[in-house]
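Given next are the chains, with one letter for each unit.
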Amino acid sequence: MNNNIYDIAIIGAGVVGSAIAQRLAKYELKTILLDKEADVAMGTSKANSGIIHQGYFTSKGTLKETLCLRGSALFNELCPQLDVPFKRTGALFCATTKNELKTLEGEFKNSQERNAPAEFIDDRGKIKKLEPLLKESVIAVLHFPEAGILVPWDLTIALAEHALLNGVELKLQFEVAFIKKNDEIFTIHSSEGEKIQVKTIINAAGLYSDKIAKMIGDESFNIIPRRGQYIMFDKHSLNLQKILFPTPTVVSKGIVVGPTMHGNFYVGPNANEVDSKEGTNTSIKGLNEILTGGSKLVDLPLRKHITNFAGLRASTLRHDFIIEPSKQDGQFIHAAGIDSPGLTSSLAIAERVEEILQKDCGFTFSKRTQYIPTLSSQIRMENLNEEELKSKIAENPQWGNIVCRCEMVSEAEIVEACHRQIPCTNTDMVKRRLRPGMGRCQGGFCQAKIMKIISRERDMLYEKVTKTGGKSYLVFNRTKNLGSEIFNGDHL
Amino acid sequence: METDIVVIGGGPAGLAAGLAAQENGSEVIIIERDHELGGILQQCIHNGFGLKHFKEELTGPEYAQRFVDLVKDSPIHVMLNSIALSITPDHQVVVMNGKQGIVHIQAKAIILAMGCRERTRGAINIPGTRPAGIFPAGQAQRFINIEGYLPGHRVLILGSGDIGMIMARRCTLEGMKVLGVAEVLPYPSGLKRNQVQCLDDYGIPLYLRHTIIDIRGKERVEGATIAQIDEKWRPIPGTEKYFDCDTILFSVGLIPENEISVQAGISIARNGGPDVNEYLQTTLPGIFACGNVLQVHDLVDFVTEEAQHAGENAALYAQGKLDIPTPSPEQKITILPGENVGYVVPERIDGLQTEKIVKFTYRVKNPRSNIRTQLVSNGKVIYTRRHKFVLPSEMISIRAKLKPEDVEGEIIVNVIEKEQLVNIIERTMMEEN
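As you go down the protein sequences, you meet chains P and H in turn. The first sequence begins at 1 in the numbering used here and counts up one residue at a time. The second sequence begins at 1001 in the numbering used here and counts up one residue at a time.
The hints are simulated quantities; they were obtained by calculation from the structure and are not laboratory data. Do not rely on the hints blindly, as some may be mistaken.
Said to hold, decoys possible - DEER-style ranges, computed between Cβ atoms: (1) H:1059 - P:489: 22 to 28 Å; (2) H:1208 - P:126: 52 to 58 Å; (3) H:1401 - P:488: 46 to 52 Å; (4) H:1201 - P:379: 52 to 58 Å; (5) H:1401 - P:285: 52 to 58 Å; (6) P:80 - H:1174: 50 to 56 Å; (7) P:302 - H:1368: 22 to 28 Å; (8) P:396 - H:1332: 47 to 53 Å; (9) P:471 - H:1174: 32 to 38 Å; (10) P:249 - H:1417: 24 to 30 Å; (11) P:379 - H:1404: 27 to 33 Å; (12) H:1104 - P:396: 18 to 24 Å; (13) P:288 - H:1174: 35 to 41 Å; (14) P:249 - H:1086: 32 to 38 Å.
Ideal Cβ placement from N, Cα and C applies to all residues, glycine included.
Work out the full structure, taking the sequences as your base and the hints as a guide.
Encoded structure:
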């Protein structure tokens, strides 16, 4: 058979698509991961709460319940293996009224039935001990000690990089325009006229998974984007111990006040259905809503916010994940409708997709002979002690050049990020990997310098370096009729 | 490595402080993170600098160069491309650069002159999408004046701070179209001369009491909506104006950059700068602060003056000649901002054994005319100075002769109408209101 035919194409390099790619990379398969954006994790995977849940508040017997519990367990092994920072901080659901207290008691029972470790506490002293910042109005909490936090794009990038390390191909800026099938082979056409031939397609296209499904005539579900807005606060402005939830309602788990892996904290999300799948704008109303919501649990520090953003949940009317072969075509598998707890479930979704491929799609998997089981993340200056840093600088002076002073990132780290498996070609890619621009100055000092590094390392004209890819240009033509240039100097 | 004085930052404050310390007999090292001295002045290519200090009008780079030349001709040691990683209460500075790696410098005194950074869109919670084309005004200034690139074509500016207004003119001169400047306050937040020379002269509209309520665009900014705000800062429906712009600049304030100060254990005052006494000494003995890291200045000339004061005192300290008594709790004098005053530097007076002149610098919260500054202690007015007008954009500086017998506990700085004496109780009530 033609060598150019792939076994599996995964459409969508969010956390789900990347997890599937990482899982399939163990086997001798010709797999390709496709995404329309310039990086992985560009949709829902980059704008969510980053919480690993414990199955709480999922309906009995749903995929959400099963895969959330299974998914959470899988992180214990995967995170050290892929060098992804992960912390089981624990979460508190908080009740301020008797009714809410009853809801929490009910959920406590459900959690016991699920064998999810939980603790119901209505003693103020004990509550205070768990989270000193909680307001006095909180009369009871349901504590899930194994709930955790991670950076969702850290996870996605690591999964994709690990897949690439083991032979999976990644094609970015490949927007699927239409799909044809002839002689058991799909041809995926991009909007730029590129073609990919493949035996089996996995639809992990997130917000656009309904659009991709329709390309093969499957109209069994529609994605309803549900927007959640967030406000991020500066480091050390509130030293939260736990992820704090209100008592959930039928609609959502409510507005969280949660710590991040880097000592910041955030408030959000609210939940509103929106028309546009690109509608990631925040609004005055939404921002006020989440500030009010967050203030019910803790006193929020004033004027310490550093940014606000919104993410879209890819919800469906099924209110459950859709992980199954399409009724239209058994070689087209949906991993769709992934809203909360999608991040937690991502690894278990990949496991489920693997089972489907084996059972329903006729794949017999043979282990990849030269499988590399681990991935090392980039060495970070912040993790080096003085002696280690000294020897790094002696080897390469770029270690001694700080580009981002809010998050302390050196030139050497950014140069490396420009040459990893997924090379950074825009400033937001660097930001998601190393954090320059995520601090309190939000890139005001370092963005122009990072553009120079990308220009030099990727051999791109300075003005062609974008913020997020596509046409997100940061600068246009030169002043004084100066010519276009690829930066080629040392002084950033 | 050992030296008398380490100055952190080679902008206008660091240069003047370093020179003053050196002239007063100290061995000085200046640490600069950039590859050249001069700091942000290097990108301020407009004129208007130096009228007070040099009695002539200079551009930013020219003003900086005068000090850079003096430093070059002096025995001051300059470390370029170097970042101060940390400082300690016993005056150790850890410096890193690509050439030497990590260097520990033991100094006798330290001068903080790290400057400030710009407040961002996120810090004031402006909603909308997050496409390319949203810049702090200073970053756009860097793109145009240092890198030589245009950051856009059609520009909307939020905030009428000096950088915002100067950038409105700069963008216009470079052929960009500036559609307007929106300002939440009922008056421009930068200097009057900048309003006239940078906006009025170019017919750029200024929308007072307006803010941005939405930003559109996925990849690059495609437009923004501003609206008028009411007295509670809420947008007024029906006042929305949409701008078809590809660039939004934010000039919404500057924040002293004090990360290493905080790390060392220095107390930070309400304006974001270190809490200093009348010698510009922070809460750690032998560590001084000056320039925009201490308080955001309106004119660089005042930075120079303040930095010289800090440099002289640091030199005296390093030589063991700066005799600051440690005041007992009863002798402690705290300076408090009172009626219509945002903050005051210094925050305390540590040595008032005999009569002496103390310099106070401060800004008002609201513009007023025919008004006076009053220093009040123990219910009595101990100093008065008249002002024709006061503006939040202009730093006020006074030198008051203080007598120990007049001062007790605290001094409240009020900027009020004649005859109106505000005591601490009324002041508290006003703040609560």
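Unmet hints by their number, sorted upward, for this structure: Numbers 3, 9, 10, 11, 14 - these are the hints that the structure violates, sorted from lowest upward.
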